[in-house]
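Please arrange chain A on chain D, whose structure you already have, making use of the hints.
Top line first, the protein sequences correspond to chains D and A.
In this text, residue positions in the first sequence follow the numbering used here: the first is 15, and each later residue adds one.
In this text, residue positions in the second sequence follow the numbering used here: the first is 15, and each later residue adds one.
Derived from the structure by calculation, the hints contain no laboratory data.
One or more hints might be untrue.
[Claimed, not checked] Derived EDC-like pairs: lysine to aspartate or glutamate, alpha-carbon spacing no greater than 20 Å straight-line: (1) A:Lys347 - A:Glu364; (2) A:Lys347 - D:Asp348; (3) D:Lys370 - A:Asp327; (4) D:Lys377 - A:Asp327.
There are 2 protein chains.
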Amino acid sequence: MSQPIPNFYAVIPAGGVGSRLWPLSRADAPKFLHDLTGSGHSLLRDTWDRLEPLTGPDRIAVVTGRAHRAAVEEQLPDIADLNVFLESEPRDSAAAIGLAAAILHRREPDVIIGSFAADHVIRGTRVFEFAVRDAVEVAREGYVCTIGIAPSEPAVGFGYIKRGSELIVDGARDASLVERFVEKPDLETAKRYVADRDYLWNAGMFISRADVLLAEIEASNPSLHAGLIALAEAWDDRDLRGPAVDRIWPTLPKIAIDYVVAEPAAERGRLAVVPGHFDWDDVGDFASLAKLNSHGRKNDLAILGENARILSDAASGIVVSHTNRVISLIGVKDIVVVDTPDALLVTTSEHAQRVKGVVDALKLTGRSDVL
Amino acid sequence: MSQPIPNFYAVIPAGGVGSRLWPLSRADAPKFLHDLTGSGHSLLRDTWDRLEPLTGPDRIAVVTGRAHRAAVEEQLPDIADLNVFLESEPRDSAAAIGLAAAILHRREPDVIIGSFAADHVIRGTRVFEFAVRDAVEVAREGYVCTIGIAPSEPAVGFGYIKRGSELIVDGARDASLVERFVEKPDLETAKRYVADRDYLWNAGMFISRADVLLAEIEASNPSLHAGLIALAEAWDDRDLRGPAVDRIWPTLPKIAIDYVVAEPAAERGRLAVVPGHFDWDDVGDFASLAKLNSHGRKNDLAILGENARILSDAASGIVVSHTNRVISLIGVKDIVVVDTPDALLVTTSEHAQRVKGVVDALKLTGRSDVL
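Only chain D is shown next, with the shape it has when bound in the complex (with noise of 0.2 Å):
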């Protein structure tokens, strides 16, 4: 049915381990690489199946650690080689999405990104595909645009965008300027918003030209751009890719790309934003994972994990199982267990924040290898 969107192209960074789903996620085992959601499929896998019919299976990309790259290709087996852009380590979004436009721009200066995340949930694939078909069509315009999701509930967890002054696009239904992004809500804040049909979430999802991006990040970093652009010329030639990536990208600032493009984009009033009306969560923590797979029914006890063998009297929240040992809850109410061979955690929704912590804490006290 849907045809592939002239001019664009798909980029995933899959980056982030996930701390917060520790030890579900793990440096070797990062969010991306694992099935969230019961589909059977990674939360990558599920991201490439919502872009491929936008794009067509030759016109996405992965940015990825080196350590990651059988695992992404295990995942995606129609991916081709061109379109795995290897980090040799972690340099955060900016340079993560701004290599694949720098790349993708030179083979093909009048080049659309769309840049996705490879760990998040999405649920409505036809509202998705609307949202980025008008949001490629503000972005031929010359705008850096985002998808803003129309918010379900006041959420406490999530950034929001302010919609601005609206913005008559050929093709596209739905679009506005961003007047401002807005830091997690507190409670009564967060009420307000979604009272208000101006404020919507922030999913990190950002369409535009190779070209826009570029020069947006030109405008804000300089030498990040520079570095980008010696990494593009290098890339495909087999000789000199090696060399500069191991020349350059350790040298590239760590930033993420809302502070380098969007905030800036949106103070010149060149960031646009669609509104996505479908079901969307970054699964940040376990309270949030809990939340997805009881499918809104409070006193259910969510499972994940393909052996699960869960006894449960009176409890509820979530268990993942990951060994093959039975696991008896009683009365436990709102509880998050996480069973892995070498590694378990038990907390509640409420304090699924504090997972983080404990990363930490295992990284100095010398038990990297739990992580």
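Leaving out everything else, chain A in the frame of chain D:
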């Protein structure tokens, strides 16, 4: 310092699995084989060490299942062969203690036996010794004598003994007749009991002349008595014991000694009690185990397991670690986590009593492999 008590023989029934301590206690690793106090010794061994000054090493008998023989002998290297009484299957406490009484009476007609559970925790060994010495003097007079624990708090998990009129016995400082037994009370009643010094905890310790005990059994359950006598007659004959056990033991009634001896004797004014002013706990469930190991500090996390690798962030309760996994607990209060190679339990002190239900469910669903 202390001399063995003349005519005295200690009997340790080591039978119960301790289902409410699953998955720590198992059919093949019952409660009495575990170190539940961090002493470095099993409860069985601690029981032996407590009794040995009162009897000498040659006068402590253990009644246990055939399956536990090797483990018991490993725990008690000093035990003589003729002091290990093996049951072919569990037949409850009247049969177990009655068997010991019948055998020992046949060997030594004026023996006084005291039975002490293999899986209780006692602190205050000298005070315990005083109580046993007093009880033996009362038993010499032909009473069945129990040791009632002076309550340290209004416990609702134990039965109580109501003291009746005082008994004047040479060598016993504070003996009374038992007026009656009281089932586990509610909290208000328990508070009254503790205020009234005439209520003591029923710890299931019985001290009696073997002939008196056997007469009590004969009076209330003649067929049990007949079976025990027949077993005792065959016991010390190498050729006869095995066939007698196989023939008689499975036919004995499964009944607790409380119903066969203690309650009938109390009704006829033949049951005495001496108070025990020592710390005692039957470690009936994980709530009790947590309390025992947190030494009254309510916000502590008690940790059992030699190689435990625990990361706790604002957690309280108890964690039992029988694997070498890293266990991370965040913000969980009064939690009970029991981590074993093939089974994991997560509950709270409040729900600790319901662990037995899980064991029943595992039996019903054919997962006895983890019991």
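Hints, one by one, checked against the model:
About 11 Å separates the Cα atoms of lysine 347 of chain A and glutamate 364 of chain A, which keeps this hinted pair within 20 Å; it holds. A threshold of 20 Å between alpha carbons decides the hint, and for lysine 347 of chain A with aspartate 348 of chain D the separation of about 13 Å falls inside it, so the pair holds. For the suggested pair lysine 370 of chain D and aspartate 327 of chain A, the alpha carbons sit about 12 Å apart, so the restraint of at most 20 Å is met. Taking the CA atoms of lysine 377 of chain D and aspartate 327 of chain A, the gap is near 15 Å; set against the 20 Å cutoff, the hint holds.
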